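Peer 1: Given the sequences, and given the hints that come with them, work out the whole structure.
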Amino acid sequence: MQTITKNNQSAERPLGTGVKGTSVIKSEGTMEQNVFEINDLNLWYGNDQALYGIDMKVPQNKVTAIIGPSGCGKSTYLKTLNRMVEMVPTVKTSGSIKYKGEDIFSNKYGVEDLRTKVGMVFQKPNPFPKSIYDNVAYGPRVHGVKKKAVLDQVVEKSLKDAAIWDEVKDRLNENAFGLSGGQQQRICIARALAIEPDVILMDEPTSALDPISTLKVEELVQELKKKYSIIIVTHNMQQAARISDKTAFFLNGELIEFDDTDKLFSNPSDKRTEDYISGRFG
Amino acid sequence: MLDTNQNNIQKRIRGRVLLNNVLKVLFFTSTTVGLIFLALLLYRVLTQGIGYLNGNFISNFPAPYPEEAGIFAGLIGSIMLIGIVAPVAIVIGVGTAIFLEEYAYKNRWTKFIQVNIQNLAGVPSIVYGLLGLTFFVYMLRFGYTLIAGGLTMALLVLPVIVVAAQEAIRSVPADIKEASYGMGASKWQTIRRVVLPAALPGILTGTILALSRAIGETAPLIIVGAATAIYTIPDSLLSKYTVMPIQIFNWTGRPQEEWQFVAAAGIIVLLIVLLLMNAIAVFIRNKF
Amino acid sequence: MEKAFKDETIDLDVQALIDNKRKKKSISGKIEKLVPAFLLLCASVSVLTTAGILFTLLRESITFFSSTSIFDFYTGTQWSPWSGHFGVLPLITGTLLITLIAAIVAVPLGLMSAIFLSEYASNRARKIIKPTLEVLAGIPTVVYGFFALTFVTPLLKSFLPGLGVFNALSAGIVVGIMIIPMIASLSEDAMNSVPNNLREGALALGATKLEVAFKVVLPAAFSGIMASIVLAISRAIGETMIVVIAAGASPALTFDPTRSIQTLTAFIVQGATGDTTFGSTIYYSIYAVGATLFIFTLLMNMLSQYISRKFREEY
Chain A
1 MQTITKNNQS AERPLGTGVK GTSVIKSEGT MEQNVFEIND LNLWYGNDQA LYGIDMKVPQ
61 NKVTAIIGPS GCGKSTYLKT LNRMVEMVPT VKTSGSIKYK GEDIFSNKYG VEDLRTKVGM
121 VFQKPNPFPK SIYDNVAYGP RVHGVKKKAV LDQVVEKSLK DAAIWDEVKD RLNENAFGLS
181 GGQQQRICIA RALAIEPDVI LMDEPTSALD PISTLKVEEL VQELKKKYSI IIVTHNMQQA
241 ARISDKTAFF LNGELIEFDD TDKLFSNPSD KRTEDYISGR FG
Chain B
1001 MLDTNQNNIQ KRIRGRVLLN NVLKVLFFTS TTVGLIFLAL LLYRVLTQGI GYLNGNFISN
1061 FPAPYPEEAG IFAGLIGSIM LIGIVAPVAI VIGVGTAIFL EEYAYKNRWT KFIQVNIQNL
1121 AGVPSIVYGL LGLTFFVYML RFGYTLIAGG LTMALLVLPV IVVAAQEAIR SVPADIKEAS
1181 YGMGASKWQT IRRVVLPAAL PGILTGTILA LSRAIGETAP LIIVGAATAI YTIPDSLLSK
1241 YTVMPIQIFN WTGRPQEEWQ FVAAAGIIVL LIVLLLMNAI AVFIRNKF
Chain C
2001 MEKAFKDETI DLDVQALIDN KRKKKSISGK IEKLVPAFLL LCASVSVLTT AGILFTLLRE
2061 SITFFSSTSI FDFYTGTQWS PWSGHFGVLP LITGTLLITL IAAIVAVPLG LMSAIFLSEY
2121 ASNRARKIIK PTLEVLAGIP TVVYGFFALT FVTPLLKSFL PGLGVFNALS AGIVVGIMII
2181 PMIASLSEDA MNSVPNNLRE GALALGATKL EVAFKVVLPA AFSGIMASIV LAISRAIGET
2241 MIVVIAAGAS PALTFDPTRS IQTLTAFIVQ GATGDTTFGS TIYYSIYAVG ATLFIFTLLM
2301 NMLSQYISRK FREEY
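Residue numbers (the working numbering), protein chains in the order written: chain A, 1 to 282; chain B, 1001 to 1288; chain C, 2001 to 2315.
Heads up, a few of these hints could be off.
Below, in silico cross-link-like pairs of lysine to any residue (SDA-like), each with a Cα-Cα straight-line distance of 25 Å or less [what the hints assert, rightly or not]:
#: 1; chain 1: A; residue 1: Lys-108; chain 2: A; residue 2: Asp-55
#: 2; chain 1: A; residue 1: Lys-226; chain 2: A; residue 2: Trp-165
#: 3; chain 1: A; residue 1: Lys-227; chain 2: A; residue 2: Gln-123
#: 4; chain 1: A; residue 1: Lys-108; chain 2: C; residue 2: Lys-2030
#: 5; chain 1: C; residue 1: Lys-2033; chain 2: A; residue 2: Thr-90
#: 6; chain 1: C; residue 1: Lys-2130; chain 2: C; residue 2: Ile-2027
#: 7; chain 1: B; residue 1: Lys-1111; chain 2: C; residue 2: Met-2302
#: 8; chain 1: C; residue 1: Lys-2215; chain 2: B; residue 2: Ile-1009
#: 9; chain 1: A; residue 1: Lys-216; chain 2: A; residue 2: Asp-166
#: 10; chain 1: A; residue 1: Lys-117; chain 2: A; residue 2: Asn-107
#: 11; chain 1: A; residue 1: Lys-117; chain 2: A; residue 2: Ser-106
#: 12; chain 1: C; residue 1: Lys-2030; chain 2: A; residue 2: Asp-166
#: 13; chain 1: B; residue 1: Lys-1287; chain 2: A; residue 2: Trp-44
#: 14; chain 1: A; residue 1: Lys-92; chain 2: B; residue 2: Ala-1174
#: 15; chain 1: B; residue 1: Lys-1187; chain 2: A; residue 2: Lys-227
#: 16; chain 1: B; residue 1: Lys-1111; chain 2: C; residue 2: Leu-2054
#: 17; chain 1: B; residue 1: Lys-1011; chain 2: C; residue 2: Ala-2204
#: 18; chain 1: C; residue 1: Lys-2310; chain 2: B; residue 2: Thr-1110
#: 19; chain 1: A; residue 1: Lys-130; chain 2: B; residue 2: Leu-1023
#: 20; chain 1: B; residue 1: Lys-1111; chain 2: C; residue 2: Tyr-2306
#: 21; chain 1: C; residue 1: Lys-2127; chain 2: B; residue 2: Leu-1040
#: 22; chain 1: C; residue 1: Lys-2215; chain 2: B; residue 2: Leu-1023
#: 23; chain 1: C; residue 1: Lys-2030; chain 2: B; residue 2: Tyr-1103
#: 24; chain 1: C; residue 1: Lys-2157; chain 2: C; residue 2: Lys-2130
#: 25; chain 1: C; residue 1: Lys-2209; chain 2: C; residue 2: Arg-2124
#: 26; chain 1: A; residue 1: Lys-225; chain 2: A; residue 2: Met-237
#: 27; chain 1: C; residue 1: Lys-2127; chain 2: B; residue 2: Met-1277
#: 28; chain 1: B; residue 1: Lys-1187; chain 2: A; residue 2: Asp-113
#: 29; chain 1: B; residue 1: Lys-1024; chain 2: C; residue 2: Ala-2204
#: 30; chain 1: A; residue 1: Lys-130; chain 2: B; residue 2: Thr-1190
#: 31; chain 1: A; residue 1: Lys-100; chain 2: A; residue 2: Asp-113
#: 32; chain 1: C; residue 1: Lys-2030; chain 2: B; residue 2: Ala-1104
#: 33; chain 1: A; residue 1: Lys-226; chain 2: A; residue 2: Gln-60
#: 34; chain 1: B; residue 1: Lys-1240; chain 2: C; residue 2: Phe-2278
#: 35; chain 1: A; residue 1: Lys-147; chain 2: C; residue 2: Ile-2027
#: 36; chain 1: B; residue 1: Lys-1287; chain 2: A; residue 2: Asp-170
#: 37; chain 1: B; residue 1: Lys-1011; chain 2: C; residue 2: Leu-2210
#: 38; chain 1: A; residue 1: Lys-148; chain 2: B; residue 2: Pro-1197
#: 39; chain 1: C; residue 1: Lys-2130; chain 2: B; residue 2: Asn-1020
#: 40; chain 1: C; residue 1: Lys-2127; chain 2: B; residue 2: Asn-1278
It is worth saying that the hints were derived from the structure and are not from the lab.
In this text, all values refer to a predicted model and were calculated from it rather than measured experimentally.
Peer 2: The following block contains the structure:
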């Protein structure tokens, strides 16, 4: 499977998009809205192309999982959605990404505005070396909220939404580094929730966590999708199957298949998807 | 045949081990030379100076008689000088470091600035004195004043602060910067709220060490005209001034032996100030 | 619509937050643009400092060389500016003499200290000795000068009765002690960065620590050690206060360490503190001397950087 050249894959792409197309029609049929519409997205690191002609429509208030073997471009793709990928100076993109109808690459649309709407949780818990309170209050403060009473309210609500309030409410002024890895990750989720984004991007958020912490984060994701649209990259297929509504399978920088999670895992349309989910490679 | 060979080898091994042990002692002794010198220096200065070190010495201005001479003008002058050096050098030095680490493209121009800073760190301090003499004293017409001395010293310690701040900023983990950008914080917000607070201990430690160098420097201040006989506290940036090392230098140069004791007392005060600054640096390093 | 689930009070906050941000946009946008400009300004100070040093030394030296021939300056053997003789060789030999004595003291002591710290000392001993040794580097040079004049010179005089009150020997030795920590510390860093498996390979063959140090570690760390020595020597060339205080002010074309001499740096101090008036030949001569000193130290620093750059390529 992996010996297939890039050109061959490009040639096969219409199959993948075709499958995805039907699912979109179904989504539109049920009057669901999309937060992201990605059209023919290509991405290069310097001269190396990492993403090939991605087309995808990400539904609102759903959990969308992105799976695929390591190096398939799933993390790159996720970071393109809030333009974090541009932290690498040599990155070039082509194609369009529309967030609620607005082109995120357009000059009129500020990257800070985009990231205010599209929050992110990272692979490794990365709290600031500050107190728990200051971690969560960071976003609102950056965006100009200074009133203590408002901040208190936002911090409490965010920590509650991230299901960690009970564990930390008595030590909000302690350094976040003192918490366990799982707690730190939920603090990072609370930090992302504090500015109430529409979309939360999660980049393998449980890969550095123990099974119990992982379970807590998974439960949390289920809870959060009532309010937020979540896109989660995971290397763990069971996790994708457990928590997502839709799943996209990436391989070598290409979107192979994108469908309802149930459908994709029980009856994949593409042979490569089937090989991957049945554990034949990756 | 084989036996004698073994014997020879045994002998040679013993010889080699002996040489190893002898030279180990030599290496250790060499290491102690520096330490012994340091101990001797401190001992001499303390025993010579302690007799003259009293309240009057701290609070007196320079005087023609050793018993009445004091370091007050130098102590206050040094503190005021640092009052100029610190803000100027910290703002410019940390600013340079932020620019080089966070904003500058990694191109030839940036590399040039970097090499230039490295070279500046190796320029003898007295050459900074000549720069200060031409530029601050004559061209800007500051004359032999506190501000001329302060700005000269600020330029002198600038490379040290830049390098320390760069190292501190570089050691801030990339993932917390990403977290900040990921929440829609701008570049400057990220630097101000995340990078600088995380780099602060390193920056402060380097800065304090740089400032303690400024406190001990003598030569460039002689060139830019720090005075020796000062009987009033500087009341403006354009006042004449003196600093502790200049006072010590002046006393050291006098022929009568009593002045040596006065100089030693001055050195004690200078070393105590340096010790305090270094203690603060160590405290900061351990606290964070 | 998607906010239907949200708490109403907080919902208001978020709206306010976004509004706030939109309103402040123009101000914060301006800050974002102004900050890099300001930081660039900061970074340019160091470039301007270099330019200022070059410009200052060059301009005043050119003025000086318009009245004194540059050839006579660099070949003349008599330096007595107050009687009109501007031959810089005595100052150069004075500087070289001090540097030579300092190197004779500091290179062996510094290297042996480095070997001891890196190859023999326990971790705990190193953690105590290295910073203590570095205290030597933090002591103001005026203090060294005082110590050279009031302690080292009288001490040496008890062995060498012919020693003058001001002499190159005492000053040179103390300059050497001052640069020991530079050589010891930087060389130790270089030796420490030699991979341990090289050492273990030799030790496993039955080599003593001494043999490991000389046959494995020193060759591997050679360029790092050389760079530290060159840097320390550059420091000795530029050292001012110790020689001003302890070596006197008698320019002499001599390599006799018991005599009083004058270095490039010491003359600059003398020239700037005397009755020198702005615009006199002597005033300009201190810049010509300063330029000479600057060239010496710049060459040494560049040599040190060149050596250590080569060093980095080795690993």
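Peer 1: Of all the hints numbered above, which does this structure not satisfy? Sort the numbers upward.
Peer 2: Of the numbered hints given earlier, those the structure breaks are 6, 12, 13, 15, 19, 24, listed in rising order.
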